[in-house]
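**Student:** Using the sequences plus the hints, can you model the full thing?
Listed in order, the protein sequences are those of chains A and B.
Following the numbering used here from start to finish, the first sequence increments by one per residue and tops out at 499.
Following the numbering used here from start to finish, the second sequence increments by one per residue and tops out at 569.
By construction, these hints were calculated from the structure, which means they are not laboratory data.
Please note that the accuracy of each hint is not assured.
Facing chain B, a subset of chain A residues (Cβ under 10 angstroms, in silico) [to be verified]:
#1 Ala65
#2 Trp69
#3 Ser72
#4 Val74
#5 Leu101
#6 Gln147
#7 Lys220
#8 Ala221
#9 Asp223
#10 Glu227
#11 Gln228
#12 Leu232
#13 Asp241
#14 Leu247
#15 Tyr253
#16 Glu256
The calculated lysine-lysine pairs, modelled on DSBU-like cross-linking and capped at a C-alpha distance of 30 angstroms, are [as the list claims (entries may be wrong)]:
#17 Lys460(A) with Lys122(B)
#18 Lys547(B) with Lys237(A)
#19 Lys398(B) with Lys230(A)
#20 Lys566(B) with Lys244(A)
#21 Lys219(A) with Lys213(B)
#22 Lys564(B) with Lys230(A)
#23 Lys369(A) with Lys102(A)
#24 Lys230(A) with Lys276(B)
#25 Lys243(A) with Lys63(A)
#26 Lys547(B) with Lys230(A)
#27 Lys243(A) with Lys122(B)
#28 Lys237(A) with Lys564(B)
#29 Lys234(A) with Lys547(B)
#30 Lys122(B) with Lys237(A)
#31 Lys234(A) with Lys517(B)
#32 Lys122(B) with Lys421(A)
#33 Lys244(A) with Lys213(B)
#34 Lys547(B) with Lys398(B)
#35 Lys276(B) with Lys234(A)
#36 Lys517(B) with Lys244(A)
#37 Lys230(A) with Lys122(B)
#38 Lys243(A) with Lys276(B)
#39 Lys243(A) with Lys547(B)
#40 Lys156(B) with Lys237(A)
The beta-carbon is built from N, C-alpha and C at its ideal position, and this holds for glycine as well.
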Amino acid sequence: MSNEERMLNRRLFLRSSSGLLVYLPLLPSLFSAKDALAADAALKRLVVIHCGHAQVAGQWFPKPAGFQWTESSVTGGARQADLSAINGPISDILDEGFSTLKQKLLLLGRLSYTSNTPNHNAEALLSGGIRGDPGCENSLDVVIARQVYNSVPLNMIVNSPHSDRPDKYQLSMQNGNFLAGGSNPAVVFMRLFGNTNPGTPGNGGDMPAEPVKAKLERKKAVDHVLEQYKALLKNPKISSDDKKNLLDPHMSYLSELQGKLMPSTGGGGGTSTPVQCNNPMGPSSSPVNTRNDKDYEVVVEQSFQVLGMALKCGIESVATLMLHPYDYFEGQVMGLQGTFHESVGHANDDFNKAQKLKLQRFYAGHVSKFIADLNSVQEGSSGGSVLDSTCVIWGNDMGAAHNPNNHARKNLPILIAGAQKTFKTGLLVDFGASAPKDKIPTDNDELGRPINQLHISILKGFGVDPGASGFGNYGSWEKDFKTAGVTDIRTAGLPLVTK
Amino acid sequence: MLTRKNSLIRHFSVLIMLLGLAMTACKKGPGKPDFDNPKGSQSGGNGSGGSNPGPDDPVTNRISGTDKEPLKRLNKAEYTKVMTALFGSFVEASTIESMASDEIPGDVPGEVFDNVDQTISKNHVLAFNSFAEKLAISLTDSQKFLTAIGCTTLDKVCAQKYLSSAAPRLLRRPLTTEETAGYQTLFDSSGADKVGFATMVSALLQSPQFVYKIEVGDEKGDLTPYELASRISFAMTDRGPDDALWKKAETGLGGTLVNEELERLFDSEMAKQSLKGFLLQWLGQKRAPPPGYSQAYLEGLDPKNLGVDALKEIENLLEQYVWASPGTITDIFTTRKAFNGQSSLKAIYEKDTGGTAENLAPYRAGVQGRVSFLMTGTDASHLVHRGILVRRNFLCDKIVFPTIDPNNKDEFAPPKPDPNASTRKQIESRTAAPTCQACHSRINPPGFAFEAFDGVGRFRTEEKVFDPSNGNLLARLPVDTKVEGGIEPGVTSTIVGPESIAALLGESETVKKCFVKRWFQYVSRRELTSKDSCYLEQMDAALKEGKSIKELMIETLSQSGFQKLKPCK
Numbered sequence: 001m002s003n004e005e006r007m008l009n010r011r012l013f014l015r016s017s018s019g020l021l022v023y024l025p026l027l028p029s030l031f032s033a034k035d036a037l038a039a040d041a042a043l044k045r046l047v048v049i050h051c052g053h054a055q056v057a058g059q060w061f062p063k064p065a066g067f068q069w070t071e072s073s074v075t076g077g078a079r080q081a082d083l084s085a086i087n088g089p090i091s092d093i094l095d096e097g098f099s100t101l102k103q104k105l106l107l108l109g110r111l112s113y114t115s116n117t118p119n120h121n122a123e124a125l126l127s128g129g130i131r132g133d134p135g136c137e138n139s140l141d142v143v144i145a146r147q148v149y150n151s152v153p154l155n156m157i158v159n160s161p162h163s164d165r166p167d168k169y170q171l172s173m174q175n176g177n178f179l180a181g182g183s184n185p186a187v188v189f190m191r192l193f194g195n196t197n198p199g200t201p202g203n204g205g206d207m208p209a210e211p212v213k214a215k216l217e218r219k220k221a222v223d224h225v226l227e228q229y230k231a232l233l234k235n236p237k238i239s240s241d242d243k244k245n246l247l248d249p250h251m252s253y254l255s256e257l258q259g260k261l262m263p264s265t266g267g268g269g270g271t272s273t274p275v276q277c278n279n280p281m282g283p284s285s286s287p288v289n290t291r292n293d294k295d296y297e298v299v300v301e302q303s304f305q306v307l308g309m310a311l312k313c314g315i316e317s318v319a320t321l322m323l324h325p326y327d328y329f330e331g332q333v334m335g336l337q338g339t340f341h342e343s344v345g346h347a348n349d350d351f352n353k354a355q356k357l358k359l360q361r362f363y364a365g366h367v368s369k370f371i372a373d374l375n376s377v378q379e380g381s382s383g384g385s386v387l388d389s390t391c392v393i394w395g396n397d398m399g400a401a402h403n404p405n406n407h408a409r410k411n412l413p414i415l416i417a418g419a420q421k422t423f424k425t426g427l428l429v430d431f432g433a434s435a436p437k438d439k440i441p442t443d444n445d446e447l448g449r450p451i452n453q454l455h456i457s458i459l460k461g462f463g464v465d466p467g468a469s470g471f472g473n474y475g476s477w478e479k480d481f482k483t484a485g486v487t488d489i490r491t492a493g494l495p496l497v498t499k
Numbered sequence: 001m002l003t004r005k006n007s008l009i010r011h012f013s014v015l016i017m018l019l020g021l022a023m024t025a026c027k028k029g030p031g032k033p034d035f036d037n038p039k040g041s042q043s044g045g046n047g048s049g050g051s052n053p054g055p056d057d058p059v060t061n062r063i064s065g066t067d068k069e070p071l072k073r074l075n076k077a078e079y080t081k082v083m084t085a086l087f088g089s090f091v092e093a094s095t096i097e098s099m100a101s102d103e104i105p106g107d108v109p110g111e112v113f114d115n116v117d118q119t120i121s122k123n124h125v126l127a128f129n130s131f132a133e134k135l136a137i138s139l140t141d142s143q144k145f146l147t148a149i150g151c152t153t154l155d156k157v158c159a160q161k162y163l164s165s166a167a168p169r170l171l172r173r174p175l176t177t178e179e180t181a182g183y184q185t186l187f188d189s190s191g192a193d194k195v196g197f198a199t200m201v202s203a204l205l206q207s208p209q210f211v212y213k214i215e216v217g218d219e220k221g222d223l224t225p226y227e228l229a230s231r232i233s234f235a236m237t238d239r240g241p242d243d244a245l246w247k248k249a250e251t252g253l254g255g256t257l258v259n260e261e262l263e264r265l266f267d268s269e270m271a272k273q274s275l276k277g278f279l280l281q282w283l284g285q286k287r288a289p290p291p292g293y294s295q296a297y298l299e300g301l302d303p304k305n306l307g308v309d310a311l312k313e314i315e316n317l318l319e320q321y322v323w324a325s326p327g328t329i330t331d332i333f334t335t336r337k338a339f340n341g342q343s344s345l346k347a348i349y350e351k352d353t354g355g356t357a358e359n360l361a362p363y364r365a366g367v368q369g370r371v372s373f374l375m376t377g378t379d380a381s382h383l384v385h386r387g388i389l390v391r392r393n394f395l396c397d398k399i400v401f402p403t404i405d406p407n408n409k410d411e412f413a414p415p416k417p418d419p420n421a422s423t424r425k426q427i428e429s430r431t432a433a434p435t436c437q438a439c440h441s442r443i444n445p446p447g448f449a450f451e452a453f454d455g456v457g458r459f460r461t462e463e464k465v466f467d468p469s470n471g472n473l474l475a476r477l478p479v480d481t482k483v484e485g486g487i488e489p490g491v492t493s494t495i496v497g498p499e500s501i502a503a504l505l506g507e508s509e510t511v512k513k514c515f516v517k518r519w520f521q522y523v524s525r526r527e528l529t530s531k532d533s534c535y536l537e538q539m540d541a542a543l544k545e546g547k548s549i550k551e552l553m554i555e556t557l558s559q560s561g562f563q564k565l566k567p568c569k
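**Tutor:** What follows is the structure in structure tokens.
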């Protein structure tokens, strides 16, 4: 069967659908379609960047000598410090690249899962627990994409030259199953923007037969559908019972959807950094599945590039980027020695701590560049940047354990960027109550706050009701949070930092 | 998403609810009968079970007070089959099925059938929107799709061609001039290209004409040929008309053409799949919970394949008596043939289960004597549940679910293992009060008769009572299956075990009338009301002629009632 004749299977079906939900005009109308879905919400975009393992919390948080804590009276205990009070880089990992963005950053300590289930925990960052736990069926990105945009998130995974488990431990879950991610940046780029370089289809092997280059007029379709229902409502041959019980509620739900699809009323606007969204520049091929170790760095670079373009051009609003699949390299990738998971991730000797730091600083360089890029683009006439209405999360599923072998579920390192109407930024907040003031929040003894509360804040930022039962998994540790005085974990957002 | 697990849980919940009915009647006075009672009798005797439609149900009946046929939303199964039939040549059927499974909300099952839920929710609308967009986008990227609709590019000419030739199959009727112009405008304003085409298709797939089955009739008040074709096709196949039926609709469907199409469709593979769905639900075959027997209760029996093998037997039985060698209702309830050869059923039937001879024991006669009907999934026989299945599914008694008092749940709980009291004795004791007997005088007799079988479906003369905490055998209690009375109005007899039930069901006029009613209800996709009764009465003659199940099913659809837009009364 030729490419043109082949049947569309589930993978192509999903990819095509995502790829066709593309909006290609130049700014300022870039955000008029998908972004307009959340026109009234404080948040319009969610991006989650993730690396499991290789956690070096001691160098993630600031050195205690560089700032002063202010104790908070919030239930359960917390303390905070202004990031601006920290001279120079925030920490060894959050280096110079973040310094100019301190007022738009929120660094959180002692957020924990509610589940004590040991696992590699890649899913817990966005669901509060482990896949298979009750309540853990859908991750935050999937829920927001569905509830706000009636769509699916863009999930990307950095594949490595030597990876044999590219889809293992993805962040996103739907109905309890991991969602596979796009692991070839060039293929993802062409799926989103179309083949801007004919004849160079990339080497991913999972290209659609013909890259889709289109912009589905979602609102126009729904407008048209709604008119059909209105016409039917006038039909005297339709019973009043049917009008009341079926057509009226159907139209109400359609109107609600239509409202989310309304074009942005901001109009005008502009950008401080021009973005070329029509025939944009992007990777025409990606060096995945090669034996060239240096290619890993290229794939990371390209992944951030594609992700940034998708967000700035309004093609995607909810996305995840997973920076490691598992044992993604061995040998001399970035000059590191040994296998990522077994040798580096689980090691705790000075040599491998230095290797982890090198790796995290490599990621940090890309993250800060990515955030700064979003901050450089003005959003419509709002006066704010794209970053301001985007919630960027950079996290690691491994808590701040002294022993990297224990797969700690407590005290996750979380950096929030943007989300200016949702969070109070420019802060370092430690939700621990008992730590001495001269200690950074790297001990593994205190639960602090459930990460679910961060999810609840974000859901509310998108205008999504987390519901009476909160969001995500509430496992065996819920009672421990309550014992510590945190009793509102299923209903309230994260205290102290939520606007 | 409605998962298999959820479905089982839901079915199990229904079972628990039914068990709870053991005490329902006790909460009602004798002046509040639970069943349809066309004669208005409020006695608790055996003589008032009726096959006529009961009073309008205020919850499910939306036809009440109007002569208009209600709109019917495509249920999940229909939506999936419709999409697969229309687009399965361009997008893999398994992809459509899995997408529908993930996205389209499940339907709330009715008392007997799972296709009567007509509610609309926000999740339905969002799912229809999402599914339509994804499918429209994928189609426009499919060369096979372009070829099929006779286009080389998705331009204006192609859009016009699509609206005139292919879109009518989506809406199950030709588009009006205004509709065509509207979709053409949508195509033009959305880029008049691939994007415009996808937008247009997305709108078509979300339109009320697609999502709902709309029947407004012609100027004479009759169903249009397209509406009739659609009604027939959904009744038989759970999807819209196929090519052959569509062509006949285009030339004006009616008269003998309808019967020809009914005959043709009935024997088609796509109809078999759907019709078996009806027959299995009528026979209560999809309500079984997952096996949860204790090892002590199993006594060495391996239950691993039992459920699958048991269901396969009933499917084979139906294949035989409905299609291969059309039989009657009597055959279904009295046959002693086994229908699943090399299966785990041999250990229970103690006979070769693959032969064609009527060689099973008399107590195995009919579907109601088979493991699939009898297995409960627990260490209990579910006496009340079995009785209710007979009364509700086969005799069309209307049974109202109880409102269980949360402070008094034990009163509705299934009987507990008691070395001093058999299940029958416990139920007799619980339902002895006159108020209880208003209902249980009907439910209990068939339930008592089926006490000849344990929870696995094994024949027994003794009820073994095990200690649930350690599996120790506590007692062997004699099973009493004898019941004085009958199961339908005006027919009294002494029931002695399941073979008596087989004989009574097999010869019962009420059962035959009920079968037609259940079939009419199934194809109507709604609960029936008194306004449907005159159409059902038109089937009386056919019933008296002893026609086969196949003939009855086809005749129910070919007789004038099914093909009319308005109720006869």
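**Student:** Hint by hint, note whether the structure agrees.
**Tutor:** Here's how the hints hold up against the structure:
Hint status for Ala65(A) relative to chain B: violated, with the closest Cβ pair at about 53 angstroms, above 10 angstroms. With a cut of 10 angstroms, the hint placing Trp69(A) at the interface with chain B is violated, because the nearest CB-to-CB distance is about 46 angstroms. Below 10 angstroms, beta-carbon pairs count as interface contacts, and Ser72(A) has none with chain B, the closest being about 39 angstroms; its hint is therefore violated. Below 10 angstroms, beta-carbon pairs count as interface contacts, and Val74(A) has none with chain B, the closest being about 36 angstroms; its hint is therefore violated.
For Leu101(A), the interface hint is violated, the least distance from its beta-carbon to any beta-carbon of chain B being 36 angstroms, above 10 angstroms. At about 9 angstroms, the closest approach between the beta carbon of Gln147(A) and any beta carbon in chain B falls short of 10 angstroms, and the interface hint on this residue holds. Residue-level restraint check for Lys220(A) holds (minimum Cβ-Cβ distance to chain B is 6 angstroms; threshold 10 angstroms). Annotation: interface hint on Ala221(A) holds; nearest CB of chain B at approximately 4 angstroms, less than 10 angstroms.
Using the Cβ-Cβ criterion of 10 angstroms, the hint placing Asp223(A) at the interface with chain B is satisfied: the shortest such distance is roughly 9 angstroms. Here the hint on Glu227(A) is kept, as its CB sits about 7 angstroms from the closest CB of chain B, short of 10 angstroms. The closest approach between the C-beta of Gln228(A) and any C-beta of chain B is roughly 5 angstroms, which is under the 10 angstroms cut-off, so the hint is satisfied. For Leu232(A), the interface hint holds, since its Cβ comes within 10 angstroms of a Cβ in chain B; the closest pair sits about 5 angstroms apart.
With a least beta-carbon distance of about 4 angstroms to chain B, the hint placing Asp241(A) at the interface is held under the 10 angstroms criterion. A least Cβ separation of about 7 angstroms between Leu247(A) and chain B falls short of the 10 angstroms threshold, and the interface hint therefore holds. Because the beta carbon of Tyr253(A) sits about 4 angstroms from the nearest beta carbon in chain B, less than 10 angstroms, this interface hint is met. Look at Glu256(A): its Cβ gets to within about 7 angstroms of chain B, closer than 10 angstroms, so that hint holds up.
Taking the CA atoms of Lys460(A) and Lys122(B), the gap is near 19 angstroms; set against the 30 angstroms cutoff, the hint holds. Restraint check for Lys547(B) and Lys237(A): not satisfied, since their Cα atoms lie roughly 37 angstroms apart, outside the 30 angstroms limit. Taken as a hint, the Lys398(B) and Lys230(A) pair is broken in the structure, with Cα atoms around 38 angstroms apart against an allowance of 30 angstroms. In summary, the hint linking Lys566(B) to Lys244(A) is supported, as the alpha carbons are separated by about 20 angstroms, within the 30 angstroms threshold.
Pair hint Lys219(A) plus Lys213(B) holds up; C-alpha atoms about 25 angstroms apart against a cutoff of 30 angstroms. Between Lys564(B) and Lys230(A) the CA atoms are separated by roughly 27 angstroms; this keeps the pair inside 30 angstroms, and the hint holds. Among the hinted pairs, Lys369(A) with Lys102(A) is consistent with the structure: their alpha-carbon atoms are about 14 angstroms apart, no more than 30 angstroms. For the hint pairing Lys230(A) with Lys276(B), the CA-to-CA distance comes to about 38 angstroms; that exceeds 30 angstroms, so the pair is violated.
Using a Cα cut-off of 30 angstroms, the hinted pair Lys243(A) and Lys63(A) is violated, with the two alpha carbons roughly 66 angstroms apart. Between Lys547(B) and Lys230(A) the CA atoms are separated by roughly 47 angstroms; this puts the pair beyond 30 angstroms, and the hint is violated. At roughly 16 angstroms between alpha-carbon atoms, Lys243(A) and Lys122(B) fall within 30 angstroms of each other, so this suggested pair holds. Between the alpha carbons of Lys237(A) and Lys564(B) the distance comes to roughly 15 angstroms, so the proposed pair stays at or under 30 angstroms and holds.
Between Lys234(A) and Lys547(B) the CA atoms are separated by roughly 45 angstroms; this puts the pair beyond 30 angstroms, and the hint is violated. A C-alpha spacing of about 25 angstroms is found between Lys122(B) and Lys237(A), which places the hinted pair at or below 30 angstroms, so the restraint holds. With a C-alpha separation of about 34 angstroms, the suggested pair Lys234(A) and Lys517(B) falls outside the 30 angstroms cut-off, and the hint is violated. Restraint check for Lys122(B) and Lys421(A): the C-alpha separation of about 28 angstroms stays at or below 30 angstroms, so the hint holds.
The suggested pairing of Lys244(A) with Lys213(B) holds, with an alpha-carbon distance near 17 angstroms, which does not exceed 30 angstroms. At most 30 angstroms may separate the alpha-carbon atoms for a hinted pair to count; Lys547(B) and Lys398(B) meet this at roughly 26 angstroms. Only pairs whose Cα atoms come within 30 angstroms are accepted, and Lys276(B) paired with Lys234(A) is rejected, the gap being roughly 39 angstroms. With a C-alpha separation of about 28 angstroms, the suggested pairing of Lys517(B) with Lys244(A) holds against the 30 angstroms cut-off.
Between Lys230(A) and Lys122(B) the CA atoms are separated by roughly 18 angstroms; this keeps the pair inside 30 angstroms, and the hint holds. With a CA separation close to 33 angstroms, the supplied pair Lys243(A) and Lys276(B) exceeds the 30 angstroms bound. Taking the CA atoms of Lys243(A) and Lys547(B), the gap is about 41 angstroms. The hint is violated against a cut of 30 angstroms. At roughly 34 angstroms between alpha-carbon atoms, Lys156(B) and Lys237(A) are farther apart than 30 angstroms, so this suggested pair is violated.
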